[in-house]
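S.K.: One point on numbering: in the UniProt record's numbering, the residue at position 220 of the sequence shown is 220, and numbering is uninterrupted.
Because the hints were derived from the structure by calculation, they are not lab data. Positions of the beta carbon are idealized from the N, C-alpha and C atoms, including for glycine.
Here are the computed distance ranges between Cβ atoms for each label pair:
hint, residue 1, residue 2, range
1, K82, A181, 40 to 48 Å
2, A8, G185, 43 to 51 Å
3, S90, E184, 48 to 56 Å
4, E156, G115, 31 to 39 Å
5, A37, T152, 37 to 45 Å
6, M1, A211, 35 to 43 Å
7, G185, A7, 44 to 52 Å
8, T152, G17, 21 to 29 Å
9, G33, L133, 23 to 31 Å
10, G121, R83, 47 to 55 Å
11, R187, I108, 28 to 36 Å
12, A211, T152, 36 to 44 Å
13, V111, G17, 19 to 27 Å
14, R187, M1, 44 to 52 Å
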Amino acid sequence: MVAAQAAAEVRGMLRNGEQLLLTLIIPVLLLVGFSLAPVLDLPTARRIDFLAPGVLALAVMSTAFTGQAIATGFERRYGVLKRLGATPLSRGGLMLAKTAAVIAVEAIQVVVIAGVALGLGWRPQGSPFAAALLLLLGTAAFSGLGLLMAGTLRAEATLAGANLVYLVLLGCGGVVFPLTAFPEGVRGVLELLPISALTGGLRAVLASGAALPAGTLAVLAAWAVLPLGLAARTFRWE
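Just need the whole structure built from these sequences, with the hints factored in.
M.R.: If you want it as structure tokens, here you go:
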């Protein structure tokens, strides 16, 4: 039942034009556009080495946070979650299916984005296992935030809030603009954002070949534990 529900969730995401725009088209356009057009002053000699890890982090945020928050918020509003909760598929099984669907879509995103980046000359240096661990921690962090928002706010507020947060984190999270472009006092706060931690960790591993950065793991773990704990306590199914 969990596998069947997860497959249905994946089909729903990939058939939704807005979801497809958010999860695949926008990240790929950002990757190609900023890699080929020298409109930004980036801190690396090869633009693609800076941009590819950031776009991978953006893909995780778009699926695990923005897309999941909006979809779950409207499912709650229209009673879909309530009806599914009354089926033989338990609520825990439903959450497991949603998590599996998010990871499946992210796997497609990673393959597509990495393929485009490799075509643009990207040559990742670090351990793929370390990168995968960072992506999973980032998924947990953003999923917690998305479910917390979707389970407590009205669907319309979730739609507006999720898109606003997406745009703010895109601009201030080091995805395409280096954090060094911000004032030093602001930079310290921005480095504690989940998107900044995920982006920085992926760059350290994939661009520099570094080991897993302990600071990044701590930030992502905190963002995973706190919102998921709050979501478990406050999520309203109807």
